[in-house]
Structures are given as structure tokens and as C-alpha cells.
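Novice: Next come the chains, spelled out residue by residue.
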Amino acid sequence: TQLLEQSPQFLSIQEGENLTVYCNSSSVFSSLQWYRQEPGEGPVLLVTVVTGGEVKKLKRLTFQFGDARKDSSLHITAAQPGDTGLYLCAGSNDYKLSFGAGTTVTVRA
Amino acid sequence: EAGVTQFPSHSVIEKGQTVTLRCDPISGHDNLYWYRRVMGKEIKFLLHFVKESKQDESGMPNNRFLAERTGGTYSTLKVQPAELEDSGVYFCASSPLFLTQETQYFGPGTRLLVL
Numbered sequence: 001t002q003l004l005e006q007s008p009q010f011l012s013i014q015e016g017e018n019l020t021v022y023c024n025s026s027s028v029f030s031s032l033q034w035y036r037q038e039p040g041e042g043p044v045l046l047v048t049v050v051t052g053g054e055v056k057k058l059k060r061l062t063f064q065f066g067d068a069r070k071d072s073s074l075h076i077t078a079a080q081p082g083d084t085g086l087y088l089c090a091g092s093n094d095y096k097l098s099f100g101a102g103t104t105v106t107v108r109a
Numbered sequence: 001e002a003g004v005t006q007f008p009s010h011s012v013i014e015k016g017q018t019v020t021l022r023c024d025p026i027s028g029h030d031n032l033y034w035y036r037r038v039m040g041k042e043i044k045f046l047l048h049f050v051k052e053s054k055q056d057e058s059g060m061p062n063n064r065f066l067a068e069r070t071g072g073t074y075s076t077l078k079v080q081p082a083e084l085e086d087s088g089v090y091f092c093a094s095s096p097l098f099l100t101q102e103t104q105y106f107g108p109g110t111r112l113l114v115l
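From first to last, the protein sequence lines are chains A and B. When the letters of the first sequence are read in order and numbered with this note's numbering, they come out as residues 1 to 109. When the letters of the second sequence are read in order and numbered with this note's numbering, they come out as residues 1 to 115.
Hints should not be assumed to be uniformly reliable.
[Stated by the list, open to error] Restricting the straight-line Cα-Cα distance to at most 25 Å, the calculated cross-link-like pairs of lysine-lysine (DSS-like) are:
id	chain 1	residue 1	chain 2	residue 2
1	A	K96	B	K44
2	A	K96	B	K78
3	B	K51	A	K96
4	A	K59	B	K54
5	B	K44	A	K70
6	A	K70	B	K41
7	A	K96	B	K15
Source of the hints: derived by calculation from the structure; they are not laboratory data.
Just chain A, same shape as in the assembly (with noise of 0.2 Å):
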């Protein structure tokens, strides 16, 4: 059973674009997590987010935690090529991180 998902799947948009994907889940997290993965990597750790309603900005990225800790979303604004690759989310509760399946953003030149 997944508890986390991710919306939508794939995103492919032109450079200079805004994007959003969504986290949802039926559960309640302590916190929630959000990764990057690119090709024959491992996920490497973009935000944590603890609070509900809680923001956070990383540049050109924003992250918001829902009121209720159950889902989350990363914007990301004027999307540049370096932002390619598979978004992740991740709840956490006693340190066991359970995944979405993943968002594949492409931004083309």
C-alpha cells in the first residue's frame, strides 16, 4: 500500500516555466521530506519540513507542508535545464522513511 502520492507522474515543460507537484497522503507525518535523484545516483536531500503550514525556500524552489502534515508541494520557478530529474517526497514517523513514487521533471531548452 503506497501512503504517499505524487502528482503528476511525468512533467515536461520549457525553460523559463513554473511547475508544481503535489504530495498527498492519507497519513500523518512528523515531518516530510523532499529529494532529488538523478540517474545512477541516490536520493540526495533537497528540504525537511516539520511544521504544518510551514514554507520554505530554497532559491528558486518553494516547499509548503500542509496544515494537517499529510501532503506537501514543491514549486519551482522559472525552470531552468539543471532542474531535470526524478522529485521525490518522503513522510517520516520514527525515523522510517516511506517514499512516493516520484515526479520525472524534464525542462527543456
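Go by the hints and put chain B onto chain A.
Specialist: Relative to the frame of chain A, chain B by itself:
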């Protein structure tokens, strides 16, 4: 500082054979985790060590999988005998014992193909 390392990066074996995967966590990290991603599915938790003790092995698929962390440093994950459905990418992650946030640092993974 060196990150989490895993060996081998790739392994191709035949059904029924044995394979042992190794993970070296970041130095000083007492928490060590194993995860697996099989084709088309999400990354799933296998087990969690705190130092040399198994804290949670609820994700281990069956008794063909054996994880060890003797001495509380590196860990091995042995699959014996391997089956076709064991194919996938096996990730190791580590984190410090006491966390302000639940951050896990992942290795590059071992890609296992069972033929």
C-alpha cells in the same frame, strides 16, 4: 567528508545464487537504513540499525534476506538464494543518532539484476 558508499554499484547474478551488498555509512552516523526500489515501484524501507542493533526490520521481505552490522560500522545485506523478484536498486542511508530533523543521507545504490 565522505558520503555514504555502497559496493558493488552493479551486480548481475543467476536465480539461486547468493549476493552480498555492502554499505559504509558516513563516519560517526549510528543510524543506518536499508531501502529497496523494485521496477516501477516506490522506494521502500527494509530495516534500520542503531549502531549494531536492529531497531526495525519490519520491511524485510522474507528470510532470504539477512542484514548485519557487526561492530556498528559498515553493514552488509545478503540475499540467499536470490529470486527474480529481488531485482531492483538497494539503497543504504545513514544519519546521526540524535537529530534535530529527520534527515537521512543516501548512498548511490546497488543495482541488482537476478536472471
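Novice: Tell me, in ascending order, the numbers of any earlier hints that this structure violates.
Specialist: 4, 7
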